[in-house]
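Colleague: Chains as they are written, first to last, in this note's numbering: chain A, 38 to 301; chain B, 38 to 301; chain C, 38 to 301; chain D, 38 to 301.
One or more hints might be untrue.
Any copy will do: because identical chains look the same in the list, a pair fits if it lies in one copy or spans two.
[Claimed, not checked] Pairs of lysine-lysine, BS3-like flavour, derived with a Cα cap of 27 Å: (1) K293 <-> K276; (2) K39 <-> K293; (3) K48 <-> K279; (4) K279 <-> K293; (5) K39 <-> K279; (6) K276 <-> K48.
Hint data in this document are derived by calculation from the structure and do not stem from the laboratory.
4 protein chains.
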Amino acid sequence: MKGWSLPFSPKGVASTLTPPPWHYSGDLLAIEFETTADTIASMLPCDLEATESTQCIAIFADWSSAADSDPRLIEDPRRGMYKEAFIVVPARYRGDTYGRVPYIWVDNEVAHARGHVQGFPKKLGEVFMSRPVAVGRGGPRREVGNTFVGTLSAMGRQLMRGRVDLSEETPISELPPMLLAPQIHTRYLPSLDPESAPLHQHSINVLTDVAAGTALSGPAELEFFDSEHEELSDIGITKVGKGYFVSVAMTVTGAKTLPAERIA
Amino acid sequence: MKGWSLPFSPKGVASTLTPPPWHYSGDLLAIEFETTADTIASMLPCDLEATESTQCIAIFADWSSAADSDPRLIEDPRRGMYKEAFIVVPARYRGDTYGRVPYIWVDNEVAHARGHVQGFPKKLGEVFMSRPVAVGRGGPRREVGNTFVGTLSAMGRQLMRGRVDLSEETPISELPPMLLAPQIHTRYLPSLDPESAPLHQHSINVLTDVAAGTALSGPAELEFFDSEHEELSDIGITKVGKGYFVSVAMTVTGAKTLPAERIA
Amino acid sequence: MKGWSLPFSPKGVASTLTPPPWHYSGDLLAIEFETTADTIASMLPCDLEATESTQCIAIFADWSSAADSDPRLIEDPRRGMYKEAFIVVPARYRGDTYGRVPYIWVDNEVAHARGHVQGFPKKLGEVFMSRPVAVGRGGPRREVGNTFVGTLSAMGRQLMRGRVDLSEETPISELPPMLLAPQIHTRYLPSLDPESAPLHQHSINVLTDVAAGTALSGPAELEFFDSEHEELSDIGITKVGKGYFVSVAMTVTGAKTLPAERIA
Amino acid sequence: MKGWSLPFSPKGVASTLTPPPWHYSGDLLAIEFETTADTIASMLPCDLEATESTQCIAIFADWSSAADSDPRLIEDPRRGMYKEAFIVVPARYRGDTYGRVPYIWVDNEVAHARGHVQGFPKKLGEVFMSRPVAVGRGGPRREVGNTFVGTLSAMGRQLMRGRVDLSEETPISELPPMLLAPQIHTRYLPSLDPESAPLHQHSINVLTDVAAGTALSGPAELEFFDSEHEELSDIGITKVGKGYFVSVAMTVTGAKTLPAERIA
Chain A
38 MKGWSLPFSP KGVASTLTPP PWHYSGDLLA IEFETTADTI ASMLPCDLEA TESTQCIAIF
98 ADWSSAADSD PRLIEDPRRG MYKEAFIVVP ARYRGDTYGR VPYIWVDNEV AHARGHVQGF
158 PKKLGEVFMS RPVAVGRGGP RREVGNTFVG TLSAMGRQLM RGRVDLSEET PISELPPMLL
218 APQIHTRYLP SLDPESAPLH QHSINVLTDV AAGTALSGPA ELEFFDSEHE ELSDIGITKV
278 GKGYFVSVAM TVTGAKTLPA ERIA
Chain B
38 MKGWSLPFSP KGVASTLTPP PWHYSGDLLA IEFETTADTI ASMLPCDLEA TESTQCIAIF
98 ADWSSAADSD PRLIEDPRRG MYKEAFIVVP ARYRGDTYGR VPYIWVDNEV AHARGHVQGF
158 PKKLGEVFMS RPVAVGRGGP RREVGNTFVG TLSAMGRQLM RGRVDLSEET PISELPPMLL
218 APQIHTRYLP SLDPESAPLH QHSINVLTDV AAGTALSGPA ELEFFDSEHE ELSDIGITKV
278 GKGYFVSVAM TVTGAKTLPA ERIA
Chain C
38 MKGWSLPFSP KGVASTLTPP PWHYSGDLLA IEFETTADTI ASMLPCDLEA TESTQCIAIF
98 ADWSSAADSD PRLIEDPRRG MYKEAFIVVP ARYRGDTYGR VPYIWVDNEV AHARGHVQGF
158 PKKLGEVFMS RPVAVGRGGP RREVGNTFVG TLSAMGRQLM RGRVDLSEET PISELPPMLL
218 APQIHTRYLP SLDPESAPLH QHSINVLTDV AAGTALSGPA ELEFFDSEHE ELSDIGITKV
278 GKGYFVSVAM TVTGAKTLPA ERIA
Chain D
38 MKGWSLPFSP KGVASTLTPP PWHYSGDLLA IEFETTADTI ASMLPCDLEA TESTQCIAIF
98 ADWSSAADSD PRLIEDPRRG MYKEAFIVVP ARYRGDTYGR VPYIWVDNEV AHARGHVQGF
158 PKKLGEVFMS RPVAVGRGGP RREVGNTFVG TLSAMGRQLM RGRVDLSEET PISELPPMLL
218 APQIHTRYLP SLDPESAPLH QHSINVLTDV AAGTALSGPA ELEFFDSEHE ELSDIGITKV
278 GKGYFVSVAM TVTGAKTLPA ERIA
């Protein structure tokens, strides 16, 4: 039997995942928002803590992905392309500040599995976002004066909607810190056996080739909606900041795992 | 009751469609292919006929659409954005040559309904195609030396797969004729009442603002696959020509309908 | 070319539909509700009118369907099986009372197409409803004392939710009139050609073999939810009546079409 | 933070899973098949081995599920109801014979997550299967003389199709052994950190309240189809046995985990 993830099989073809490096290129529609430090703390495990900054970000992302070890991600776009929506909040761990993703939804099985290996708490969702068009009037241009929208639904409920009116260019150096900050995730798999502990580790990805194109930005709107399956709308947004449309890229080559104590 | 299409409702909000003008902007992955004149004729109604040319084209399209009368197509990308896959064959009608779309699949309800109003024989399908990326290695660039792939499935069966290795620029004037040719469709709705004839009309769209960006092209592959729900794979491909990746746009403002005699 | 509906093709295999008779067997979770006569009138075309009764019904349905002319509906359950959700309001036309379906959502392409041929204003949606189980505790039994739930979403928004606590048997003769009343639909296809009128006809299905199994019934809940794509939640529910879980069947053999004047 | 699985959240509402007991009730369309002992061995980890019997089974299942700790599984059927398709092969581990599930596909996120906690190698798929109808001709009856069909697709490719013509009743005691045999799974999550071992355990569920209704059985057909994402069709079916339609139920209360050595 071969494979890098379940299911294992005689040739290793059936595995959902092949090993990194994993390459990502995508367009992000990102919207800054603030909530209270208490709210942020309520979404962190006990060994992470809120920071002075309460600057968070909500992101809709349209990704293409590849892996040196799996040509199918490119040769079958259904396997390698996907959209996701998530929020990032600032968190301090052992003295350093990281981005932390309490909630994330994705529309692709491979990306879902890759996320759980890294510790992203990915759930399935339906994400739509405006794509820049090159000619005509069917959609917005990647230019000042255009509007981009992102929406998220899961389990048949609308969860998040964002809108950005692009009004200026923003240098990469002025992008909001949570947009590309190193992230700390928690790998977790419960155990059904009372004599066996759950898998429980924090994990920080090892990234290379992080890049961003020219960002366009402007005034933004952001709404979270209620669902009996989620707690996203329990986050009280105290302020919506600017919004950004920007192309980014990165490569995941591995991760550093760290002991995690307990959830609560 | 108000509305431009079913369902009608007190405010007209529930209608799937609002009236044209309808604006379209999209990226096309288009692959030339040839089949026999007999095969083309077998997919045409009796009052259309095959031409000397047997140059056909298979297209995967990633569309954004808008309508002056429906801001929701832009404000909710789920409503206005979609992908489709289709083939176009040449057909002569009353002395003029048109593009004819015998089969087309789409992943969006509004586009499905808009298609049936125009006479496109749209069925639901799942279409995926490579998107050009701006930074990084997660997907192909819109540049010579990159590869783009499109796939189509419907009813859980793979139906079509195309691949283009971009090797050069092609001037708009040299794009294959079936890519942007005027098309003749057939509007058809059967009747359950033996005393009432089906709706049956040919229809030629009135288009404005047809535009295309710079086309990249190169060697291509194209395959049709079998399904008990389709006849796509009955088309014997005698030759696969070049492939193209190109951005296009158009506006549909209306149509000219013409009498249709009978199907067979 | 052959076929009974689009797309036409050399063998007729590609057509979404084959001709009736069409056979339907399904489980309905149906909930009585009332609204005002004005609200009902606002959802009717000008040549239909509200009745003295304002007894409406909301239905979640889990259907299996077959056609003498299309064995694929049985041999490929993906083609023939589907779920839908809809409401029925009473309407008077030329002195007779009919059921009228102002809004209906379905999760299957064949059923969507069959609906539009009949005049049902079907849109795509996601419908879920409890299934009776035969053993164990994973779901409800088809017995007094059990609870059944139905939900509807479309375009990523929740639209309707119903719940019935089964408390007694109800004879077929006491089922609510809108559950199995003859229905009057409106076939409509807009025209893009200003010189060509839309297809616009009323249509009453010719049904045979209408049957119902033993109905279970009890107290019910019903909610409509808001969506910018719908007007369902504009219906003010003034009273929720009883709910029913019942198996029904029918065969559609044809229809009688009638002239329709205008929408408003 | 609370929760039993990712994502953790302030109230624990966002978690995909809540703890067992988990209750399952479902209808199975199950088809016996044989392959070679070598083929079976090729799908087993190194510490499991093939048995003398090469009697395997392919199963399409239509499940309703519940959990004492999560009323949403019943109150929102979209959360608790699902379909899956899988195969079970016999495997010996430490002297005992178990069922082993090398491949399984499911259409529901909660069931997908529950599977991975138990060690089922679940992937997302689209499963359809005939439902017994109570009245009319829209589908088959749960009676001798009727035909049931199941289909599986994933990633837009058809993977499996089964068909059973019910010809007799089969006592529970004569059901094929792999249908309800205790199963041994492998919990596995790769690690991105070279200094951290993957999670890797075998796991045997603790089941209570296993039950089955009356089984109907008869001659069957079974086909596996090719996909570049799977190895299902590499299993050479040497014989197709009988098929069964049967309602089953069980409760999962926990599991016993066992050390797993290595994959190959």
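Colleague: Give a verdict on every hint.
Modeller: Hints, one by one, checked against the model:
no.	hint	in the structure
1	K293 <-> K276	neither (34 Å within a copy, 49 Å between copies)
2	K39 <-> K293	both (25 Å within a copy, 25 Å between copies)
3	K48 <-> K279	neither (49 Å within a copy, 30 Å between copies)
4	K279 <-> K293	neither (32 Å within a copy, 47 Å between copies)
5	K39 <-> K279	neither (47 Å within a copy, 32 Å between copies)
6	K276 <-> K48	between (52 Å within a copy, 23 Å between copies)
The structure is inconsistent with the numbered hints 1, 3, 4 and 5, although it conforms to all the rest.
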